[in-house]
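Line by line, the protein sequences give chains U and B. Position one of the first sequence corresponds to residue 49 (the working numbering), numbered consecutively onward. Position one of the second sequence corresponds to residue 19 (the working numbering), numbered consecutively onward.
Heads up, some of the hints might be wrong.
[Stated by the list, open to error] What follows is a list of derived Cβ distance ranges for each label pair: (1) B:Gly57 to U:Ile166: 34 to 40 Å; (2) B:Asp261 to U:Glu211: 48 to 54 Å; (3) B:Arg130 to U:Thr233: 23 to 29 Å; (4) U:Ser55 to B:Glu325: 46 to 52 Å; (5) B:Gly57 to U:Arg237: 28 to 34 Å; (6) U:Thr233 to B:Glu35: 41 to 47 Å; (7) U:Thr233 to B:Ser137: 27 to 33 Å; (8) U:Ile166 to B:Leu313: 54 to 60 Å; (9) B:Gly47 to U:Arg237: 33 to 39 Å; (10) U:Ile256 to B:Ala227: 49 to 55 Å.
The hints are simulated quantities; they were obtained by calculation from the structure and are not laboratory data. In this text, a Cβ means the ideal position worked out from N, Cα and C, and glycines have one as well.
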Amino acid sequence: MSTATRSLPRTIGAHAILLTYTAIALFPVILVIMNSFKSRAGIFGAPLTPPTPKTFDLIGYTTVIGQGDFIHYFQNSLVVTVASLFFVLLFGAMAAFALSEYRFRGNSLMGLYLALGIMIPIRLGTVAILQLMVASGLVNTLTALILVYTAQGLPLAIFILSEFMKQVSDDLKNAGRIDGLSEYTIFFRLVLPLVRPSMATVAVFTMIPIWNDLWFPLILAPSEETKTVTLGAQLFLGQFVTNWNAILAALSLAIMPVLILYVIFSRQLIRGITSGAVK
Amino acid sequence: MGSLNIENVKKAFGPVEVLKGINLEVTDGEFVVFVGPSGCGKSTLLRVIAGLEDSTSGRVVIDGQDVSVTPPAKRGIAMVFQTYALYPHLTVKNNMGLGLKQAGTPAAEIDRRIGIASSMLSLEPYLERRPAELSGGQRQRVAIGRAVVREPKLFLFDEPLSNLDAALRVNTRLEIAQLHRRLKATMIYVTHDQVEAMTLADKIVVLNAGRIEQIGGPMELYNSPANEFVAGFIGSPKMNFVDGARLGETAKTIGVRPEHLTVDPKSGAWKGTVVHAEHLGADTNLYLDCEKAGLITVLIFGVYDAEPGATLYATPDPAKTYRFGADGKVLK
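Chain U with its partners taken away, still in its complex shape (with noise of 0.2 Å):
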């Protein structure tokens, strides 16, 4: 039916594009998820075809709990990404305050030195930060990972945030400073919680490249103790037999937490990006 607002062709169209595009999207994931649950067999001989009786099998699922280290391999991508993304959250929204609040010499240009690292990737230093690490025994630590991403993800948290605090009401803040709060009573109790959907988009855009990263991991903390699930997921890999049903399955347990925490955060998230948009 068509009204003032929407006509049925245009309504048709917009969804079809759209439909696409999410089929377009979802296609490698659920193909990752409906393949690992089938057997070696199934995989290969009909690999776009959902698991029938015949071809479904457990045998990744078995094989990557059986290996036995694989809960320890999430365990240490859940305390480096849940931790630096800690970091980043923190100092981030404080370096964002102090820039968007504070009227001091220097302040657009601290900002920009901020803002660079958006624009150089940080794996440009790998060879630096190797250097660094092993000079400071960091080396096979979840310590040295989670310092990287922390200054990983600070640049565009810090410039996401900066432009969000300047949203917030001067009134209120200096409401605070006559009733005598502190700045740090007004950062963490009056103007943190109005920026929080910000911070959940900058949460979601920071955890992603951290969970999947397997750059610094395979450098940095490559040992047996401090293994992330996507380190320990090549572990399947092999140069001259690869098993698929482990590789399947370990993937898809590792899509499950960032899922999770995706849940948590993107109420928060849809407010975040179109808070600039709607009043």
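With chain U fixed as given, assemble chain B onto it according to the hints.
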């Protein structure tokens, strides 16, 4: 207790001088209104008094004590903001009590003061609500209550009525006037609305471009403005300014308030045609394009029928005509 002295206060943001040397004396219990066009520095001056902004030079003295370097919370002031600035995560009660709690006041005393303030502002039914559940007028009353409970030496109001709609504005204005009468406290009020200034103030400070143009009571400013700026700013509709040379006068500019002009269809001093008529019921605003005086406004009390295009003669009341020199100052 509650006097304020401002001595030669200057404030510059980089190369931009916002306050160019302000001197002001406020005695205990006075209601002082800072008024001026936007960008005149009135809010900056208030923020310097509050301690939210450091002055570049000069002294701020509250109750005989130099507070130029005292943090805002220790100055014995309370401030009401244009945007209410209530703490969104706290209930009305906690919003009002936070300042006292920070200062270490005993809980019983805080409750007593909140009780008095909330009954004064009829906020009792809302004490457990959060700001988001209140209307604009209620929020502003909470903000005023938050100031009242602190029992400050000095109340500072920063355009508190600007975010309210017209009807609420009148009500809240009345409430602030009553509050002042009841508390007998010193209040400083910033507004760009000259009606608020006229109705509330004991003393009006007219600011323009970082300088004080004139200080005086509302009627003093209305009856004897010191210069063209004050004459034009105080009074509504605005005073008519006519080029003196066109009238054959020695003064640079002649000023006549719209209410001090009379019109007659037959004869008068300035012949003109009606451009537009605004009928407000209680009074009528006529815009006349005069041969000698240019476009002028005439305020007539009551209803006056005038069609655009009609010819009318306007005559100024000679006793209430102002003469301004080339420097804008009034000529005695």
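Hints, one by one, checked against the model:
1. B:Gly57 to U:Ile166: 34 to 40 Å: holds (36 Å)
2. B:Asp261 to U:Glu211: 48 to 54 Å: For glutamate 211 (chain U) against aspartate 261 (chain B), whose Cβ atoms are near 51 Å apart, the range 48 to 54 Å holds.
3. B:Arg130 to U:Thr233: 23 to 29 Å: For arginine 130 (chain B) and threonine 233 (chain U) the Cβ distance comes to about 25 Å; the hint holds.
4. U:Ser55 to B:Glu325: 46 to 52 Å: holds (50 Å)
5. B:Gly57 to U:Arg237: 28 to 34 Å: holds (33 Å)
6. U:Thr233 to B:Glu35: 41 to 47 Å: 34 Å Cβ-Cβ, so the 41 to 47 Å window is violated.
7. U:Thr233 to B:Ser137: 27 to 33 Å: Holds, at about 30 Å.
8. U:Ile166 to B:Leu313: 54 to 60 Å: holds (57 Å)
9. B:Gly47 to U:Arg237: 33 to 39 Å: Holds: the Cβ-Cβ distance is about 35 Å, inside 33 to 39 Å.
10. U:Ile256 to B:Ala227: 49 to 55 Å: holds (53 Å)
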